[in-house]
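> Residue numbers (our numbering), protein chains in the order written: chain A, 18 to 307; chain B, 15 to 204.
By construction, these hints were calculated from the structure, which means they are not laboratory data.
The hints are all genuine.
The calculated EDC-like cross-link candidates involving lysine to aspartate or glutamate, where the alpha carbons are at most 16 angstroms apart (straight line), are: (1) A:Lys188 <-> A:Glu178; (2) B:Lys175 <-> B:Glu148; (3) B:Lys141 <-> A:Asp55; (4) B:Lys193 <-> A:Asp124; (5) B:Lys189 <-> A:Asp55.
Here's the letter readout for the chains.
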Amino acid sequence: MRIGFYPGCSLEGSSKEYSDSLFAVAEKCGIMLEEIKDWSCCGASAAHNLNHDLALALPARTLALAEKQGFEEVVIPCAACYSRIAGTKQEISNNVATRKKIERYIDLTLEADIKILTVFEFLQKYIFPVADGHIVNKLNQKTACYYGCLYSRPKETAALEQIENPMEMDKVMVKAGATPIDWAFKTECCGAGFTMSRTDIVAKLSGKIIEDAADRGAESIIVACPMCHVNLDMRRPEIKKQLNKEINLPVLFITQALGLSMGIPADQLGLNKHYVPTDKVVTCIVKKEA
Amino acid sequence: MHEIIPQHPAGTLKSQMEEATGVIVSHCYQCGKCTAGCPLNEEMDVRPNQILRMLQLELPGYEDKILSSLSIWLCLACDTCYSRCPQEVKLSQVMDFLRQESIRQHKVNPKAKDILSFHKAFLDSIKLNGKLHEVGLTIDYKLRSLNLMQDVLLAPSMMAKGKLAIFPHQVQNTKEIAKIFKRISEGTKE
Numbered sequence: 018m019r020i021g022f023y024p025g026c027s028l029e030g031s032s033k034e035y036s037d038s039l040f041a042v043a044e045k046c047g048i049m050l051e052e053i054k055d056w057s058c059c060g061a062s063a064a065h066n067l068n069h070d071l072a073l074a075l076p077a078r079t080l081a082l083a084e085k086q087g088f089e090e091v092v093i094p095c096a097a098c099y100s101r102i103a104g105t106k107q108e109i110s111n112n113v114a115t116r117k118k119i120e121r122y123i124d125l126t127l128e129a130d131i132k133i134l135t136v137f138e139f140l141q142k143y144i145f146p147v148a149d150g151h152i153v154n155k156l157n158q159k160t161a162c163y164y165g166c167l168y169s170r171p172k173e174t175a176a177l178e179q180i181e182n183p184m185e186m187d188k189v190m191v192k193a194g195a196t197p198i199d200w201a202f203k204t205e206c207c208g209a210g211f212t213m214s215r216t217d218i219v220a221k222l223s224g225k226i227i228e229d230a231a232d233r234g235a236e237s238i239i240v241a242c243p244m245c246h247v248n249l250d251m252r253r254p255e256i257k258k259q260l261n262k263e264i265n266l267p268v269l270f271i272t273q274a275l276g277l278s279m280g281i282p283a284d285q286l287g288l289n290k291h292y293v294p295t296d297k298v299v300t301c302i303v304k305k306e307a
Numbered sequence: 015m016h017e018i019i020p021q022h023p024a025g026t027l028k029s030q031m032e033e034a035t036g037v038i039v040s041h042c043y044q045c046g047k048c049t050a051g052c053p054l055n056e057e058m059d060v061r062p063n064q065i066l067r068m069l070q071l072e073l074p075g076y077e078d079k080i081l082s083s084l085s086i087w088l089c090l091a092c093d094t095c096y097s098r099c100p101q102e103v104k105l106s107q108v109m110d111f112l113r114q115e116s117i118r119q120h121k122v123n124p125k126a127k128d129i130l131s132f133h134k135a136f137l138d139s140i141k142l143n144g145k146l147h148e149v150g151l152t153i154d155y156k157l158r159s160l161n162l163m164q165d166v167l168l169a170p171s172m173m174a175k176g177k178l179a180i181f182p183h184q185v186q187n188t189k190e191i192a193k194i195f196k197r198i199s200e201g202t203k204e
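Extracted from the complex, chain A is given alone in its bound form (with noise of 0.2 angstroms):
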């Protein structure tokens, strides 16, 4: 079956160090990803604010998109392009009137039944698998599982089994050979879409997590969203002064960690691309053993 990837904007250009990875690790893995061609931004942090309907018509146009390309499944490793089209995929298969309108508004039709993974979903069924075959690396550290707002809220698109207290990014890292640490803000916000409007916000709320992580002894925090790891890596500056101290915590996205794992090197996973160095979590690296 054909596996349809929507990259959204982050992942061409900020994020693009999580595609590369995504890609590293599907590919180590023999699973092929092809990208939805022509799909548009889903409106993300913003068109909800000023419009609904076109908070709905801009994800519904990729929707009616991928299937008539027909796509059966689509991955999407951004949270918050996730959560727009999850949620929009929702309301529209709900309601044959916002349907109809929405139809209009694209001038496309479509159906809403595109099976939508995010990237748990994606690792747990087609990675996990076959992965016990591909990893040659224990990562050996604590890390401390990021899950952030839109995998776990609202209600109606959550993609994770407990809300408060997930555990589906833990579980990848243990495969990984990392130590999931128990601690308070797995879900908690990190400022999301005010990184540049009202950056000191960022910097309190990312602050109060990196400084959760690190007092509970994590080596390396581990997300799954581009707008939480440019708030928790790019932002360390206005973070550092916020908490009035440095907390050199690398932040990684999920697929560069599980990469690490399968032994695939550490510049093909984009990890040169932080600000907050990785070195650290390369070297806590040990072979795992047969």
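Go by the hints and put chain B onto chain A.
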């Protein structure tokens, strides 16, 4: 971007909101869990549960106070309130509605200017390219907000790390996207 703000049928703020979102404010019994869990409750001028209470009571002056509050713009749509609400009041949708109505009635809190500028710059970039162009967004936002010097030191390092595309990625036919925006702005007048 003002043209895409929907018109709402005549009525009180509460009745308009209930009709547009399907949320029923009388479901709220003021337990305060929304405010307790809100990551920005301490920054807010009117707390989330207070907004619902004011909508319930509909006393004179309350509509203005809500629509000109900073809180409605500070809401990050993280949905912690909704996920913990025993009555399943979908506050994030209430907030979306209130933001739109606040723009329509020209009551946006002056302190929310930058936040709104960012949303507008974001949507302009999509309208133009079909995809978000981060460089274009940044420039547009700086011009709108006049925060010209913000993050100037970040650009060269992001460029060096291959995190910024100078030229936008675009959909094949950008007119298609502009048409969606046009049809929606026409739809707001129906």
